[in-house]
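Protein chains in written order, with my numbering: chain Z, 118 to 502; chain Y, 118 to 502; chain U, 118 to 502; chain F, 118 to 502.
Rather than coming from a laboratory, the hints here were simulated on the basis of the structure. Check each hint, because a few of them may be wrong.
Stated by the list, open to error - Calculated cross-link-like contacts (lysine to aspartate or glutamate; reagent style EDC-like; alpha-carbon spacing at most 16 angstroms):
1) Y/273 with Z/487
2) F/189 with U/293
3) Y/494 with Z/237
4) U/167 with U/185
5) Z/494 with Y/487
6) F/494 with U/149
7) Z/473 with Z/299
8) Z/494 with Y/268
9) U/494 with F/487
10) U/494 with F/492
11) Y/387 with Y/492
Given the structure is predicted, the values throughout are model-derived calculations rather than measurements.
There are 4 protein chains.
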Amino acid sequence: MKRLKLGMVGGGPGAFIGGVHRIATRMDNRFELVAGALSSHPEDAISSAKALGIASDRAYTSYQQMAEQEGKLNDGIDAVAIVTPNFLHYPVAKSFLHAGISVICDKPMTCTLEEALSLEQIAKDSGCLFILTHNYSAYPLVRQAKQMISDGQLGKLRLIQVEYAQDWLSTATELEGNKQAEWRSDPKRNGPGGCLGDIATHAFHLASFMSGLKLAQVSADLNTFVSGRKLDDNVNAMLRFEDNVKGLLWASQVAPGNENGLRIRIYGEKAGIEWEQENPNHLLFSPLGEATQIITRAGNAYQGSADLVRTPGGHPEGYLEGFANIYFEVADLITANLTGESATQLQSTSLLPGTKDGVQGLRFIEAVIDSSTQDGKWVSVEPLS
Amino acid sequence: MKRLKLGMVGGGPGAFIGGVHRIATRMDNRFELVAGALSSHPEDAISSAKALGIASDRAYTSYQQMAEQEGKLNDGIDAVAIVTPNFLHYPVAKSFLHAGISVICDKPMTCTLEEALSLEQIAKDSGCLFILTHNYSAYPLVRQAKQMISDGQLGKLRLIQVEYAQDWLSTATELEGNKQAEWRSDPKRNGPGGCLGDIATHAFHLASFMSGLKLAQVSADLNTFVSGRKLDDNVNAMLRFEDNVKGLLWASQVAPGNENGLRIRIYGEKAGIEWEQENPNHLLFSPLGEATQIITRAGNAYQGSADLVRTPGGHPEGYLEGFANIYFEVADLITANLTGESATQLQSTSLLPGTKDGVQGLRFIEAVIDSSTQDGKWVSVEPLS
Amino acid sequence: MKRLKLGMVGGGPGAFIGGVHRIATRMDNRFELVAGALSSHPEDAISSAKALGIASDRAYTSYQQMAEQEGKLNDGIDAVAIVTPNFLHYPVAKSFLHAGISVICDKPMTCTLEEALSLEQIAKDSGCLFILTHNYSAYPLVRQAKQMISDGQLGKLRLIQVEYAQDWLSTATELEGNKQAEWRSDPKRNGPGGCLGDIATHAFHLASFMSGLKLAQVSADLNTFVSGRKLDDNVNAMLRFEDNVKGLLWASQVAPGNENGLRIRIYGEKAGIEWEQENPNHLLFSPLGEATQIITRAGNAYQGSADLVRTPGGHPEGYLEGFANIYFEVADLITANLTGESATQLQSTSLLPGTKDGVQGLRFIEAVIDSSTQDGKWVSVEPLS
Amino acid sequence: MKRLKLGMVGGGPGAFIGGVHRIATRMDNRFELVAGALSSHPEDAISSAKALGIASDRAYTSYQQMAEQEGKLNDGIDAVAIVTPNFLHYPVAKSFLHAGISVICDKPMTCTLEEALSLEQIAKDSGCLFILTHNYSAYPLVRQAKQMISDGQLGKLRLIQVEYAQDWLSTATELEGNKQAEWRSDPKRNGPGGCLGDIATHAFHLASFMSGLKLAQVSADLNTFVSGRKLDDNVNAMLRFEDNVKGLLWASQVAPGNENGLRIRIYGEKAGIEWEQENPNHLLFSPLGEATQIITRAGNAYQGSADLVRTPGGHPEGYLEGFANIYFEVADLITANLTGESATQLQSTSLLPGTKDGVQGLRFIEAVIDSSTQDGKWVSVEPLS
């Protein structure tokens with residue numbers, strides 16, 4: 118199968134997620150990294166590109182130039198991965214979509230809802246793909262849980278408890294030279310939500326994705342515990358989904374002992390389900406009145422897509438494999454698109470997160486901030502269709 | 118050591134918690150059950166008493182009569198255990214306190230805050246003990262966690278996440294002849310809080326007990342998921358404790374796969390701590406930047422009272438042993454009281470829950486209902502001293 | 118129900134298991150401790166008896182005298198609990214059986230196979246009960262596992278992996294004044310097996326009990342790791358049960374991090390099962406090709422006797438409750454016996470361990486020592502019938 | 118950094134491990150797959166190569182031809198990955214080493230000790246690298262455990278308990294068209310050990326690698342439980358390492374509920390350690406008399422090489438990442454070798470498994486079979502130096 122050509126914006130020295138994207142693209146050998154504007158510092162951009170084996174004539178020092186030039190090349194990139202700090206997502210994505218190049222973008226989609234809605238329209242008009250890397254939605258057992266819920270195995274849903282706890286910002290790391298912490302705690306580069314934008318959005322997306330439900334209202338209490346920090350570092354929220362489903366959401370970056378504790382539990386009339394990102398190869402399924410079952414990623418009880426699984430049961434897969442599933446499916450979509458199908462149509466039936474999820478994420482961020490500012494008043498997230 | 122004489126009100130046929138109390142009293146052999154008004158049905162009261170080896174002249178058919186008569190006997194009971202449905206806690210406790218008999222009472226203390234405040238005064242005036250069986254506070258590792266927090270091992274506290282999930286009311290069990298479910302879902306016998314009064318109060322007490330903090334405000338969303346049910350079966354709440362400590366509380370009786378899932382996590386500037394009732398012999402302690410430690414009930418890292426532990430490490434103790442710790446300590450208090458110390462003074466330095474905890478519990482119940490009725494408005498729980 | 122009268126030999130100051138027995142007898146209120154020869158030191162025997170509320174005329178300083186006198190009393194004890202160091206099990210049990218008094222005895226039954234066989238005959242001739250406190254066989258989920266295997270839910274068995282690991286003898290504790298360690302490491306008081314007699318026998322019994330299989334042959338490697346220790350502190354062994362079932366047994370008292378790690382896994386053609394004593398309220402059941410199930414002690418998947426369970430699911434029971442189940446069932450047997458049925462007949466259909474298990478235990482001990490002495494030669498444990 | 122050129126022998130349609138190797142080589146982008154003899158069926162070899170993007174002139178139908186030709190090319194492969202059934206390891210490796218090409222070979226090294234010793238000499242003479250993919254030795258926390266032991270954190274070692282349990286051969290899968298099962302149960306293609314060669318060798322290697330100890334003697338009981346199977350499917354063994362360290366080894370492919378249950382526990386005078394492959398991001402460390410610590414792959418307690426870790430703590434890595442660590446380190450070795458250092462010297466100080474480990478593995482296999490044939494007689498594995 119022919120490898121697709123990929124470009125990357127961001128992901129230079131000191132970055133974390135750029136490297137993750139690159140490993141994810143290589144895992145299934147569907148992409149080849151051939152172009153990049155890897156840093157806003159020209160020298161870093163050039164040297165990083167060289168280190169990654171990118172030809173010098175495609176080692177760009179400006180994303181605008183890259184979009185323009187790649188859009189014109191006969192063998193230009195099929196897609197660009199945007200792995201910059203959040204505030205650049207919007208202008209960079211816009212440039213590439215305008216150049217007719219599909220976009221794979223880190224979350225959150227943009228810094229404001231306004232930008233997100235604008236980008237949604239731009240993507241639609243472009244006929245290109247816009248994929249948001251809510252990578253946790255591509256773990257095999259997350260997909261299985263979504264399918265089980267959609268199949269009615271939990272019955273009518275009642276409750277969603279979702280949490281995402283970390284501890285790496287328990288002290289003022291951003292003042293001590295941690296590059297990741299620096300831009301994440303700078304409202305200008307990160308957008309208005311701290312922990313909220315960084316990880317609560319993942320929790321929100323996972324809850325929506327797995328349940329298939331829209332969040333109707335939120336009541337929130339945002340806090341900043343670390344002295345001198347400019348953005349929130351803890352999110353407490355109560356949730357009201359459509360169909361009278363209720364929930365709680367907790368996201369924190371100041372909870373010692375939690376490394377990357379994304380965990381979701383969903384309960385319906387007939388059963389409950391539980392999944393933890395740190396132990397992603399197990400899914401607990403508890404039919405009411407029966408023993409809890411431990412469903413494994415590749416065991417006989419796994420009903421999901423074999424494409425999402427690379428190794429037999431008991432050979433654990435993890436974060437990188439989940440991320441790679443995003444790229445694997447993007448490759449399928451782009452390949453289909455190249456042979457004539459419309460990207461926007463394709464994406465509408467795909468399980469990959471896109472502009473709609475991005476807009477929802479921004480609506481969530483703005484509603485949480487709005488509610489917290491109003492001392493926890495219930496705020497509508499989006500009109501239920 | 119001389120065994121104390123115990124009476125019991127409630128706990129006849131079909132009851133659950135009465136049997137638990139009786140086992141707890143026998144565990145350390147500090148009490149002898151010598152009197153009882155075990156049922157509101159006279160025949161059941163008599164036959165139950167006989168089955169338990171209570172002499173026929175102390176097998177009462179009315180708690181009023183029992184209080185009156187036992188109060189007059191030279192060798193009358195030293196204490197009475199009240200294990201009735203909630204609405205009887207107040208009148209029964211009142212009768213025995215008036216008769217000069219110490220009371221060990223199930224939670225919640227009463228059905229209303231007004232009753233609780235009244236009973237607090239009555240207890241104070243009586244010079245008798247009033248102990249509330251918030252039994253989870255007597256697990257050895259809960260005590261250890263409290264001590265570690267009080268010693269500053271977590272640093273300044275920031276977050277409390279507490280939850281108590283069950284599944285036994287996922288269907289309308291109360292309409293199908295389950296006696297426990299029946300009275301618990303009847304506002305007249307149970308009081309105004311369903312899941313709220315039954316188990317959210319335990320979660321609230323545990324959070325307050327372990328952290329040593331008072332709850333300042335609550336914002337709540339109460340729900341009744343099971344059709345036809347008269348009381349709430351799910352509690353979602355955001356918490357604001359004194360000293361800028363924030364939290365979430367979730368209590369549910371409709372969460373399939375949860376048997377008795379009381380779990381608490383507390384995070385401070387320096388460390389986090391986690392304890393689960395279903396695995397009570399382990400306590401997780403996570404100092405920031407160090408490996409998480411698994412502290413065991415009777416291992417070398419246990420710094421708690423040896424009195425609370427009956428077996429070596431690895432020989433698991435459970436619910437009944439935790440409950441027995443309450444009775445063990447009550448026995449110590451009563452014995453000290455009999456030799457001249459004042460009950461109210463004694464109780465003020467004891468870790469056993471008493472009238473203050475009971476009043477707080479009712480304040481919590483009323484504040485949660487108040488907040489939920491006002492669509493999640495933050496409601497003050499009690500004035501902070 | 119009338120309480121039975123119990124006597125106790127051993128269990129004075131500094132003892133561990135005597136206190137466990139006493140709690141176990143009180144848990145279900147079926148026994149009353151009325152007589153005792155609690156220590157070989159007369160003063161300790163008297164003071165301990167007094168502290169336990171035993172009348173002075175039944176506080177004996179010699180077990181021989183106690184057996185003789187209690188055997189003659191009209192209201193003499195119905196049973197005696199023997200909780201002495203191992204070397205006294207034989208003479209004490211003999212005395213009480215001769216006096217027509219049923220015996221509840223700690224394991225191992227005796228110090229030698231010869232004594233065990235002799236005691237088996239004495240018990241048979243006496244018409245009294247002889248119960249061995251292999252307490253782990255009375256956990257509800259151990260019983261459930263036994264039943265599931267007996268019902269064929271695992272299919273034809275193939276493998277048994279059993280282990281019992283502790284760490285409390287990792288150093289020469291017996292030389293530092295630990296009374297428990299002292300007699301256990303003294304061949305004269307403990308018998309020839311150290312870790313072997315103390316805990317490997319429990320593992321062996323559990324494997325035999327749960328599987329329903331007799332051990333045919335053993336190949337063993339005994340070791341003493343702690344310098345100066347007189348008995349083994351680690352047992353490695355390969356097992357061959359009847360019906361071509363194979364296994365491994367590991368018992369150790371020098372494995373840091375293990376408190377009381379008794380764990381068993383049994384595999385058949387159709388399913389596997391796993392149980393750990395430190396987490397006794399869960400049983401893992403893995404039907405081949407299906408998800409593993411977590412069966413709980415009191416959940417809907419529990420098919421065992423409700424008599425063995427005192428609290429609802431999620432209210433954990435532990436070591437003391439398992440021990441109490443032994444006494445609960447002994448009480449049933451004695452009560453039935455008192456009303457005319459023959460003890461030996463009763464015991465043959467009971468699941469309680471008795472003389473047969475005791476003799477098997479000694480055969481196991483002697484075979485392991487024999488094999489280890491012969492450098493791991495396979496040694497027959499007992500003739501298969 | 119320049120990518121190395123890799124060839125592959127085996128790994129065509131229906132293979133499992135070939136795909137794993139290919140993902141592992143891509144993970145860190147250090148290799149490019151440019152040549153292959155992917156199947157013994159010429160058509161499959163050609164079509165598989167094409168599907169993998171291998172140029173047609175380097176899509177070989179014979180490994181002999183491939184070795185010869187690649188050895189002559191100026192830009193011939195830097196290394197070959199051998200992922201064939203076991204019986205081909207020897208001749209294939211020989212061919213490539215003779216052609217001066219480094220070898221990365223699946224375990225076991227060969228089918229007989231004789232072949233292994235021969236290959237060891239051939240590799241030495243060739244000046245090329247020979248790496249055996251005992252991939253479990255490259256998990257970051259396995260390396261950490263090895264380092265902790267080597268640093269003396271466990272004190273003098275006493276015990277090693279290692280097990281590797283699977284269930285996928287619980288029925289006669291090899292007769293039902295499972296290609297993996299077919300060759301693994303055919304003595305001609307697999308060698309004389311079934312479960313023994315397939316997974317017990319991994320357990321043996323892990324025990325030796327982590328402890329740093331040589332196995333002195335083994336006493337074994339091999340069994341074949343599935344009717345009609347030609348090779349063993351369960352290994353029970355007792356182990357005696359140098360320095361009086363004792364152990365048990367269990368490997369099974371007929372243990373329902375076990376997917377890939379490789380687990381090791383090592384105990385010394387001062388501490389114990391435990392690691393499970395299915396939960397590879399946690400390492401339990403139990404200093405005697407202190408709380409057990411949960412060391413994570415990327416947390417603050419991790420002291421291992423950052424090169425082995427691609428994601429922050431809590432972002433789980435798994436089987437593929439462990440495997441990729443082998444290729445990452447191989448790339449470093451080859452690159453160093455290309456710049457003038459001697460491969461055999463390099464490998465002697467590397468932690469990567471090589472010919473020595475391969476020879477040890479065969480010695481282990483032969484000793485186990487020998488012991489089992491002699492009814493468990495202790496058999497020496499290798500002379501201790």
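task: Any hints from earlier that this structure breaks? Give me their numbers in increasing order, please.
output: Violated: hints 1, 2, 3, 4, 6, 7, 8, 11.
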